[in-house]
Amino acid sequence: MKYLFKKYEFESQDLAETRIAALPHTEDEEGNEHPSHSHTVVKLGYIFTEQPTFDEDGELLTEGVQSDMYSVDVLWNASEITETDEEGNQEIDYPYGWVSKEIEVEGNGVHTFAGRNF
Amino acid sequence: MANTFNLGNGNWAQKTEKLLAYNAENDNYKPLPFDFDRGSTATRVNRDGLIETVGVDEPRIDFLNNTKGHLLLEPSRTNLFSNSNLFTSWAKEATVTLTPNYGISPDGTQNSTRMQMSENDSIYVSTTSGLTASVYVKGVQGETIRLSNGSSVIHTLTGQWDRIEVYDSGSVSTLMTINTYLGATARDIELFGAQREAGSYATSYIPTSGSTATRSAETCNNAGNSNVFNDSEGVLYWECSSLYNDLTNRIISVSQGNQNNTVQLYFDASSNRIRGTVRAVDGTYKCVLNYTVSDTTDYIKAAIKYKANDFALWVNGVERATDTSGNAPTGLSEISFDSGSGSLDFYGKVKDIRVYNIALSDSELQALTT
Chain G
247 MKYLFKKYEF ESQDLAETRI AALPHTEDEE GNEHPSHSHT VVKLGYIFTE QPTFDEDGEL
307 LTEGVQSDMY SVDVLWNASE ITETDEEGNQ EIDYPYGWVS KEIEVEGNGV HTFAGRNF
Chain D
1031 MANTFNLGNG NWAQKTEKLL AYNAENDNYK PLPFDFDRGS TATRVNRDGL IETVGVDEPR
1091 IDFLNNTKGH LLLEPSRTNL FSNSNLFTSW AKEATVTLTP NYGISPDGTQ NSTRMQMSEN
1151 DSIYVSTTSG LTASVYVKGV QGETIRLSNG SSVIHTLTGQ WDRIEVYDSG SVSTLMTINT
1211 YLGATARDIE LFGAQREAGS YATSYIPTSG STATRSAETC NNAGNSNVFN DSEGVLYWEC
1271 SSLYNDLTNR IISVSQGNQN NTVQLYFDAS SNRIRGTVRA VDGTYKCVLN YTVSDTTDYI
1331 KAAIKYKAND FALWVNGVER ATDTSGNAPT GLSEISFDSG SGSLDFYGKV KDIRVYNIAL
1391 SDSELQALTT
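Taken in sequence, the protein lines are chains G and D. The first sequence begins at 247 in our numbering and counts up by one. The second sequence begins at 1031 in our numbering and counts up by one.
Just so you know, the hints here were simulated from the structure itself, not pulled from any lab data. Mixed in with the good hints, there may be bad ones.
No more than 30 Å apart at the CA atoms, straight line, and that leaves these computed lysine-lysine pairs for DSSO-like [as the list claims (entries may be wrong)]:
| # | chain 1 | residue 1 | chain 2 | residue 2 |
| --- | --- | --- | --- | --- |
| 1 | G | K248 | D | K1331 |
| 2 | G | K248 | D | K1060 |
| 3 | G | K248 | D | K1048 |
| 4 | G | K252 | D | K1337 |
| 5 | D | K1316 | D | K1045 |
| 6 | G | K252 | D | K1381 |
Each pair of labels, with its calculated beta carbon distance range [stated by the list, open to error]:
| # | chain 1 | residue 1 | chain 2 | residue 2 | range |
| --- | --- | --- | --- | --- | --- |
| 7 | G | E273 | D | D1218 | 48 to 58 Å |
| 8 | G | T328 | D | K1060 | 27 to 37 Å |
| 9 | G | G310 | D | W1042 | 39 to 49 Å |
| 10 | D | N1056 | G | E273 | 53 to 63 Å |
| 11 | D | T1158 | G | E273 | 27 to 37 Å |
Quick look at which bits of chain G chain D covers, simulated, 3 or more residues with Cβ under 8 Å [unchecked claim]:
| # | region |
| --- | --- |
| 12 | 258 to 265 |
| 13 | 328 to 337 |
| 14 | 340 to 346 |
| 15 | 352 to 360 |
Computed from a predicted structure; not experimentally measured. Where is the CB? At the ideal position from N, CA and C, for every residue including glycine.
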């Protein structure tokens, strides 16, 4: 399996950002950091469980209701997180802090990767 | 001149995970494949001018406004519409009539939505700021329709399918609307393929059905070998356009798999600037040549010549910058659509890439880049 589609919920945006920032990066000559991994990370944020509604002028009619968990979907590139032991056995080794935040949802939930089903 | 590496120029071959470049020396075609990755499907405009979906890890040769085709490389984007072609789910004013599956859409099937309306009518969805909204629209040539998303555009219809886009850079946008406010004259149009995406420009259409969907970023790397690239002298040439003048570095490089010895040609982080660089002696020598064009979203023909004490950047037929001191790189072994070390991926439209294993003459470079 070349790609692995996983869904996660974090207690806060800060925690999610910390985990995302810890994925491999490089620094350019100006000191700017750029991802050097090829995983696709999608920050879904605090998902609306009830959508807000607006009138035709954009005025808020009813407030939305948001989850208190911060959601992130990741399409992992398996080759970049595969460990090979001395016997040549291969195992997926997710980066620190992700496994415990993994969730399951019905269907695709609110988001998917084009052409894929969760 | 010895042209040892070619990609494109109307000669495209691709399959899952591979994009084929070639060495045509002595009329003996040797394949030099790139490794290509994209974890999702994506869409392109095919030779017939229709939007079609291509599979996971399949390179996209796109024919939008280009009969010879171009390699389309895009960053990851998410279409925030859950049902991108379901306009009947939008809120509408009472005098608007929506008819789904009305006409032939840009994907060649009968799935456009007819929108009949009066003056000062609209359909709308709630949205957030910082997004680019886009939609395909077809209507009577010369009439006008308005797309609002924070700011607005009034688009003059062509009688064909047009894609309209509006970027909301502010912080107040709450609605995306298709409307006939402020004198827009259209009363009967067809709609297809709405998209809202984070970013300042619209990328290729991402169809959605039931949930938002992300097109993964594309990488295209690691073609060629040390026999293809000459360390002591050569030329890297491309004909490319950027997707947008977005002030990021978008690099194509010949390298040894890192940035210590590289020949790079790219759109850089300054507005509309083309940059050629050569790094040598494990990165301790660096030649930087710059030239600013009027618009990098137009196709640009550019070449960087490298040879010890003889470096030049040519853009659109003219030598734009030179450096007459410095070392040539060593260990060149691959060409990639990134910096050489896996970062600063190139995103844009690529018509043609060539590498020559000698430093071409001025007249040859002029002809090549004209």
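Status of the hints after comparison with the structure:
| no. | hint | result |
| --- | --- | --- |
| 1 | G:K248 x D:K1331 | violated (36 Å) |
| 2 | G:K248 x D:K1060 | holds (28 Å) |
| 3 | G:K248 x D:K1048 | holds (15 Å) |
| 4 | G:K252 x D:K1337 | violated (49 Å) |
| 5 | D:K1316 x D:K1045 | violated (37 Å) |
| 6 | G:K252 x D:K1381 | violated (36 Å) |
| 7 | G:E273 x D:D1218: 48 to 58 Å | holds (55 Å) |
| 8 | G:T328 x D:K1060: 27 to 37 Å | holds (32 Å) |
| 9 | G:G310 x D:W1042: 39 to 49 Å | holds (46 Å) |
| 10 | D:N1056 x G:E273: 53 to 63 Å | violated (44 Å) |
| 11 | D:T1158 x G:E273: 27 to 37 Å | holds (31 Å) |
| 12 | 258 to 265 | violated (count 0) |
| 13 | 328 to 337 | violated (count 0) |
| 14 | 340 to 346 | violated (count 0) |
| 15 | 352 to 360 | holds (count 8) |
In summary, the numbered hints that this structure violates are 1, 4, 5, 6, 10, 12, 13, 14.
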